[in-house]
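Okay, here's what each chain looks like letter by letter:
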Amino acid sequence: MKRRGRGIACMWYPVGFTVAANPSAATVKMNEDGTATLLTGTVETGQGSLTVLAQIAAEELGIATDDVHVVSADTDAMPMDTGAIASRTTYVTGNAVRLAAEKAKLILFETAAPMLGVKSEQLEARDRKIQVKGFPQRNVAISEIAHRAQVVMGQPPIGSASWNPPTVAMDPETGQGKPFSTYVYATQIAEVDVDDETGDVEVLRIVAAHDCGKPINPMLVEGQVEGGISMGIGFALQEQILFDDAGLQVNPNLTNYIMPTSLDMPEIEVDIVDSYDPTGPFGAKGVGEPTSVPTAAAILNAINDAVGVRITSLPATAEKVLAAIKAKQAQNTPRIPAR
Amino acid sequence: MPRKVRVSEKSRRTTAQAPGSGGEISRVPSVTPPVAFPIETLVPQVRLQTPAVGQRVTRPDGRSHGLGQTRYIDDLAFPGMLYAKIKRAGIAAARIRSIDTREAEAMPGVLAVLTGFEIPVNSFGPSLQDQPVLADQRVFHAGDGVAAVAALTEQIAAEAIEKIKVDYEPSPAVFDPLQALREDAPKVHAPASNIYETQVIRKGDVDAGFAKADHIFEGQYRTQMVEHVPLEPHAAIAAWDPNGRVIIHTTLGRITLGRADVARTLKLSLNRVRIVATIVGGNFGGKNEITQEPVLALLSKKTGRPVKGVFTRGDEFTASTTRHPFIMDYKTGVSKDGRIIARKVRLVADGGAYCSWSETTLGKACILSTGPYRIDNLLVEAYVVYTNKTMTGAMRGFGAPQVCFAYESQMDEIAAALDMDPLQIRLLNAFDEGAASPTGQVLHSVVLKDSLLKAAQRFGWKEPRS
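Each protein sequence line maps, in turn, to chains L and X.
Each residue of the first sequence is one higher than the last, beginning at 36 in the working numbering.
Each residue of the second sequence is one higher than the last, beginning at 5 in the working numbering.
Keep in mind that the hints were calculated from the coordinates and are not lab data.
Quick caveat, the model's predicted, so the values are computed rather than measured.
Using N, Cα and C, we set each Cβ at its ideal position, and we do this for glycine too.
Worth double-checking, as some hints may not be accurate.
[Claimed, not checked] Listed below are the simulated SDA-like cross-link pairs for lysine to any residue, each with C-alpha atoms no more than 25 Å apart in a straight line:
1) X:Lys348 / L:Glu208
2) L:Lys64 / L:Arg161
3) L:Lys363 / X:Lys348
4) X:Lys335 / L:Lys64
[Stated by the list, open to error] Far from chain L by the CB rule (all over 10 Å, computed), these chain X residues:
5) Gly70
6) Met85
7) Phe121
8) Gly129
9) Arg142
10) Val204
11) Glu231
12) Asn247
13) Arg263
Please put together the full structure from these sequences, using the hints given.
Listed below in structure tokens is the structure:
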């Protein structure tokens, strides 16, 4: 019989990593038509980071995402970057990109200030225009300013910057210190059906409420959460590298190493928690890794809720769950007392 | 004299016309044309909007992926390119007596064979340089590469590695991390200890905390070894330019570190190495460090040709990093109203044969292991040990999924024992803005309670259950 259960798990997760410095550098160059090119040493590994970085550069320059072309991942031509790791790209590389774009923007302001008859500090970049703060009707198109900066002033708008999260080394005796600049928080709730005759667990629904600071791109955040949950389901129920007695892997192939397919995916509902971190670019933190952190715990808690067995070693395969159910039943079966 | 080809006006028109438009039968092209797609595409409105931040902006690479036009490493080819395969040890711990490559070298189509003895600096690793590029003296786990071949085709290279004979003297091995902790266990990297990283966090007085607690909960939790399983396996192409610079197209997520590792193993200055990462088909932490890149570079140097290497799924499992299995002992002291007063955590992470990112993984696991909860008295002790198994390294979460499984499982056990709602006990103990972390860091932008309440509301946690 299928029994339904629900389980909750929350978590916290740092952005970036400990032990060593964790810097990123970036270069933003504006073309004479008001479009821009962003150079970054990070790598797109499928998560959409280059799109997020383009949005950050565009926001700072007051232009649209499509106006920014991103060039990445070549050690000959790109500024140094610690890489696409540790959920750090939006936060660390994003801060470097924002600072680089700001430097290019200041050149635009210097060009625009005499045209608008104000000081540089009174200007802002919005909607592809440079405008006077509080007087948006006094503006010049960015394309015109970028062209003028390069062709008339001889100052092509370009900026390079780097950023490294401020941390304090941990005391080796007590572990006290500030190992990370910031943390994110999340909760996932799983609803499962457990077949008490086979031990099979079906994940029906997962609700995920994640903090990522200000979401630069909510759609990509949702994508990360959905992908993270699929990995979490595999970690909870299916995946395991097995070794024989001689230390050789038994299942180094996708026939015998079982992982979730689209058919195993539950209904996923994603909420992004309202949050703003002043140390991140436009308030953003990050979301990559945390998405797969609480999933297994939530599912295992749901299994316990459904059939009253606590599996304390992952993965909770059907065999393991069934054995635990049988052991519990055996325990609860009244015995004939000894005489 | 150039040969003149006459094409009649009629036949030219026929091939140029779209089928069915003119009534004439069009010729079937001898080569299938590339997938036709409009180059002039409509840019989605959301990409043109300002301000850019906060928009649900579509990805420029999404179109390429959807049309199958994205070029991963395996889609690239250079003139004269060779294919490499790496022979795996297939034994977990051994001394290498000899490697006989003669039969493989004699095979038609084999252009070069490489062993670890030919690698200028045969060690690498992000924090400890304990990993050979190709094992030369000793084998530390069954997935170690022991020799590599470059051949005209992938099939010839695969056959050639079968003909390489390695004479092993088996050594004692250790596979269980708890056994590896013992002084009398076989040492994976003798004479060094199997325990290669230890971390401690202390806060308050954990024993005094337990003494004050109304209830003590103890439990052990274990997690398993898993693979990242990216759709695209590790793949790279190495080629040299005439000035002695090596150019490597590779599936790395960390090119700055990759360049340093390649330069170090090949004894080149950094400006003689170029790493191009193109687009990576899934990383999840598994592509944070080099694997076969120096091997391909040296095979390319030997043959004077570009050399491509693509991991099989088997290589991916046995010769790339995996997630650390953890054994976790949790002892928690709780007051009768459900507040956590003290928590002691002992962690042992199975590091496999090499350090890789174990230091970082253990560090994160330690800091996070007591959960996002206000606990005044803490003691965390953590060890990572060598075993003669596949190396473990960075994987999505760096130790966090393991400890979260433990602290959140125990949280439900505590809630059940005290007859409390699992949501309620979490809200009672959760970090607030300004809370101090286990390392004494004052936390900002803390929205844990918001996330608990938002998820509970969306789920319908408080509604009556059917």
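Right, here's what the structure says about each hint:
{"no.": "1", "hint": "X:Lys348 / L:Glu208", "in the structure": "16 Å, holds"}
{"no.": "2", "hint": "L:Lys64 / L:Arg161", "in the structure": "17 Å, holds"}
{"no.": "3", "hint": "L:Lys363 / X:Lys348", "in the structure": "29 Å, violated"}
{"no.": "4", "hint": "X:Lys335 / L:Lys64", "in the structure": "55 Å, violated"}
{"no.": "5", "hint": "Gly70", "in the structure": "14 Å, holds"}
{"no.": "6", "hint": "Met85", "in the structure": "20 Å, holds"}
{"no.": "7", "hint": "Phe121", "in the structure": "25 Å, holds"}
{"no.": "8", "hint": "Gly129", "in the structure": "14 Å, holds"}
{"no.": "9", "hint": "Arg142", "in the structure": "14 Å, holds"}
{"no.": "10", "hint": "Val204", "in the structure": "6 Å, violated"}
{"no.": "11", "hint": "Glu231", "in the structure": "6 Å, violated"}
{"no.": "12", "hint": "Asn247", "in the structure": "13 Å, holds"}
{"no.": "13", "hint": "Arg263", "in the structure": "5 Å, violated"}
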